[in-house]
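Using the sequences and the accompanying hints, generate a full structural model.
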Amino acid sequence: MRKTLVVCGLLLFLLAATFVIASLVGSQRLPPSSSLCALVGKSGCGLSFEQQAILFDLRLPRILLAGAVGSCLAAAGAGYQALLRNPLAEPYLLGVSNGAAVGTMTALVFFGRHEWSRPVMAFAGALLATFVVYRLARGRAGATPERLILAGVIVTTFLSSGIVFITTLMDATRIRSFTFWLLGDLSGTTSSLLTIALVAVAIGVGILALNARSLNLMMLGERDAFDLGVEVGRVRLTVFVAASLLVGASVASSGSVGYVGLVVPHLVRLSFGSDNRVVIVGSALAGAAFVIVADTVARTIIAPRELPVGAITALIGAPLFIFLLKRG
Amino acid sequence: MLEAKNITISYGPRQAVADVSLRAESGQMLAIIGPNGAGKSTLLGALNASVRITHGEVLLDGRPLDSYARRTIARRIAVVAQEADLRFPITVMEFVLGGRYAWSNTWGWESDHDVEVARGILRETEMEEFAGRLMRELSGGERQRAVLARALATEAKVLLLDEPTANLDLAHQATMLKVVRGRCDLRDTSAVVVTHDVNLAAEFADRVLLLKEGREIATGPPRAVLTAELLRTVFDLEVLVDAHPVSGAPRITPVHV
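The listed protein sequences correspond, in order, to chains U and G. Per my numbering, numbering of the first sequence is gapless, rising by one per residue and ending at 1386. Per my numbering, numbering of the second sequence is gapless, rising by one per residue and ending at 265.
Source of the hints: derived by calculation from the structure; they are not laboratory data. Computed from a predicted structure; not experimentally measured. Any given hint might turn out to be false.
With a straight-line Cα cutoff of 25 Å, these simulated SDA-like cross-link-like pairs (lysine to any residue) come out [stated by the list, open to error]: (1) G:K186 with G:E137; (2) U:K1384 with G:S147; (3) G:K220 with G:L245; (4) U:K1061 with G:R60; (5) U:K1061 with G:K13; (6) U:K1384 with G:P97; (7) G:K186 with G:A251; (8) U:K1384 with G:L142; (9) G:K13 with G:R95; (10) G:K13 with G:L245; (11) G:K220 with G:A57; (12) U:K1061 with G:E124; (13) U:K1061 with G:G128; (14) U:K1061 with U:G1264; (15) G:K13 with U:R1281; (16) G:K220 with G:R60; (17) U:K1061 with G:R95; (18) U:K1100 with U:F1114; (19) U:K1061 with U:I1265; (20) U:K1061 with G:M101; (21) U:K1061 with G:H121.
Structure, rendered in structure tokens:
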């Protein structure tokens, strides 16, 4: 327990530091001392009206969203990995993100006026994709890592064709922004979607953390876990639903940011061991920091233009995936 | 006490176990012996409700096993499986603490008592020095001892062991069964061991159940059951049975002619 608290404290500090730094950096540089002063809630810090607007209306919501998306994806990744006994399991690679994307796009096309329909449909899409992948991967001899990844590829490509189909239903002016969104884009969100993402983090990470001890045993095989007293079916269902909720909320607000769920839990496990009580909460915190950094890079590297944040995370994640695959 | 009454386990038209009864009595070790595919592991699975029974029933202290909560069963019946899936790095101590799952809350941390029990078990199985080592860095024999230690950490009074000595060298095979035998003698534990090693069963078990094609051929003390005739029936093999020169237990030697 002490270890978990120390790790969480450490990562919380890291997250706070990234948060502050990211709020200062951007195409428009803000004066550090005045901005810090304004960030802690004081008035009369000497920021111009324009600078205030940049800090509070543009940067902060975006950083909060980046943090929420990172937490969602990293915690969901950690959950999937423990449950499927596969360090390569990740929302994007399993096709779960694409499931949520199809849900979101369906909501946009058919219930465009109701904003709440996006996260709901994204959640439904993620849940459906999760179950399909799980059923496909589970052969007679259980789900081998290779089978799981193949099932993910099949579901991803199938859903991609769904996405293409829905895109053709849209008008041409929106297609470009959708292509951007599909790669993970944090620029086009609203305050209600941000709230939903933050609430989803609290609920989803909470549920996963409460199942962490059971996941520790399921990570060593479902039969073993069952023998030791884990209600395997219930835990599996709970984790699938919680992880899908996290992925759904993240995709509905920012598209499919890839590889966060792979990179972050891997680094957390490497640094602090495989105990899921540490890994899940630690991944949520580190994931937030990771996406905040990636998004800061995405919005500053070719400023004033922007890259989708998914392009940056994939740039880091894909080589790591190959490394993990080679190491077996 | 754990008791199986006339259990049958069918997969479609195939009967993996047909009308088998057995009792795991406290302080005793029962060995289940039979050729590959005889239904030994399936039978063992039925004894902790991890395999569904088609007919018959399994009783734990007179009550049907499936009327107990999963956690209660896990506190009373422990399983020593062959190998754990070790794709993620975990330490021996973390692994053995897994045996305490059913005793404390399922979401929090292990209590000091849990840690104490785990330490005690690691001492008993001579694994103390390995506590901080990673499971996947251990040799096959050490790992198997850790699997046994985790089962013992549950403090269950019934131990189900599925080929506990497979992959172990001669010395470790005996150590493994000595620890289990000690548990039976000193703590009134009952053990059900599925094994291919007829001689180890003859040496350590109080009773032997011979199984062939899912059917019970005979049950009784090793001397009564491990006879050349019954073994020929079960394994379709000529064997020579004499007395072990030191222990006096039946000694079985296959005759290849």
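Index of numbered hints that the structure contradicts, given in increasing order: Those not satisfied are hints 4, 5, 9 and 10.
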